[in-house]
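Chains as they are written, first to last, in the numbering used here: chain G, 1 to 384; chain W, 1001 to 1073.
No false leads were slipped in.
Calculated cross-link-like contacts (lysine to aspartate or glutamate; reagent style EDC-like; alpha-carbon spacing at most 20 Å):
# : chain 1 : residue 1 : chain 2 : residue 2
1 : W       : K1067     : G       : E236
2 : W       : K1045     : G       : E45
3 : G       : K73       : G       : E223
4 : W       : K1067     : W       : E1052
5 : W       : K1067     : G       : D241
6 : W       : K1067     : G       : E235
Quick caveat, the hints were computed from the structure, so don't treat them as lab data.
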Amino acid sequence: MDGVVYLDNAATSHPKPPAVLEAMRDAIERIGASPGRGGHRQAIEAGRAVFHCRAAVAELIGALEPERVAFTKNATEAINVGLCGVLRPGDRVVTTDIEHNAMWRPLCRLARAGVGVDVVPAETDGTVDPERMLRAIGEGTRLVALTHASNVLGALVEVRPIAAAAHAAGALLLLDAAQTLGEWPLDVEDLGIDLLAAPGHKGLLGPQGTGFLYVGPRVEAIEPLAVGGTGSRSEEEEQPDVLPDRLESGTLNLPGIAGLSAALAYLAQQGGEARANVRQRTAELATGLSEIGGVRLLGPREHTVRAGLVTFTVGQADSEDVAADLDQRGVACRGGLHCAPQGHRKAGTIDRGAVRFSPGPFTSAEDVATAIRAVHAVAREVLP
Amino acid sequence: MTDYLTFSSNSLAFRAEQALLAAGMTVAVVPRPPGMVGRCALALKLPPGSLEAARGLLAARHIPILKAHALTA
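The task is simple: from the sequences and hints, build the whole structure.
This is the structure we're talking about:
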């Protein structure tokens, strides 16, 4: 929308690189066919377009084989496939107490089904102490599942020691990279990530309706959430046991995947600049907000360990009211609980939520200045 | 004789296509070898006399083949 400063990139990135829309249009208008279904040239081209995106994701995350990338409709679905695919009643999973509902709700459901869930408390700024995680990981641990950065608090988790401890105990590591992939480098081989869940539409700048689950070589078996047509082994009653077909039933989102491909190509060219811009604007937002009386920032004070989001409260004001006021002043942001009540309990904001600013690659210094002025104006109104 | 390679997933077929094209081998992605119904994903049709070279190249790239088929054209 013209004249609006968009600071809700942690929900979904906007705007997208123009090539994303062009690729989606091409997928619908020219390619059209269903990938992996049928042998005519259009269907083969559709399949090839999906493969190119799969290969680009694999390249981005350092996966050895593109087949280890299974497309999903978002990170939530990817997390569900990861959790439900490897955990069985009697297994234990270690997690933290700042997880998004995408992780927390399936874990609660699994707990009711007989999976033991060990919850490690994070610090109030969202920092996760690797030592605490190490102490919680034991012989019965099948999986360690946590976010790379809370969508409320933004503190980056140190992945490597947690992955090493998980592997030493014979467990797997599932990382929710919803708030970090695209903005922070994540190499699954280097860090020891066994299952990586990510959306295509946030830091990767692709369209909504895209996401993926990476399944690493330590994952010996994974059960799909849904079974059905895969375009392969059609004569068999059982779901194929090869990836990605095992986890991809039904027609894939070709327009979305084509758009994600274009976004990844953009990031391959401009990613360094895009990441630098997000970090710079995030730091500017944090600094500007911290100078406003009555505004309290959540999350870590150190900008270098923060994902591209800044969450804050204005006095005792309800965060939804503040966000609505900011919307009227031309700033699009998110108030409330951000589908992550755990993070708000940790921060002490469960009763009124918080306002979150999340810049993107195209956010300018002027946008930040406009947003800070708007918060100043709101603070003058709502503070005694 | 025409040689075909089949794969257990379409992704592997496309990865094999990419590898063989990069090596200068003119291959074509086809639904499956003639007469074969439903037992594989997409397949590759190889240029005449290139089966062993293709096998060796894909093995070096760790791209598993489901089966090689030599069919009378």
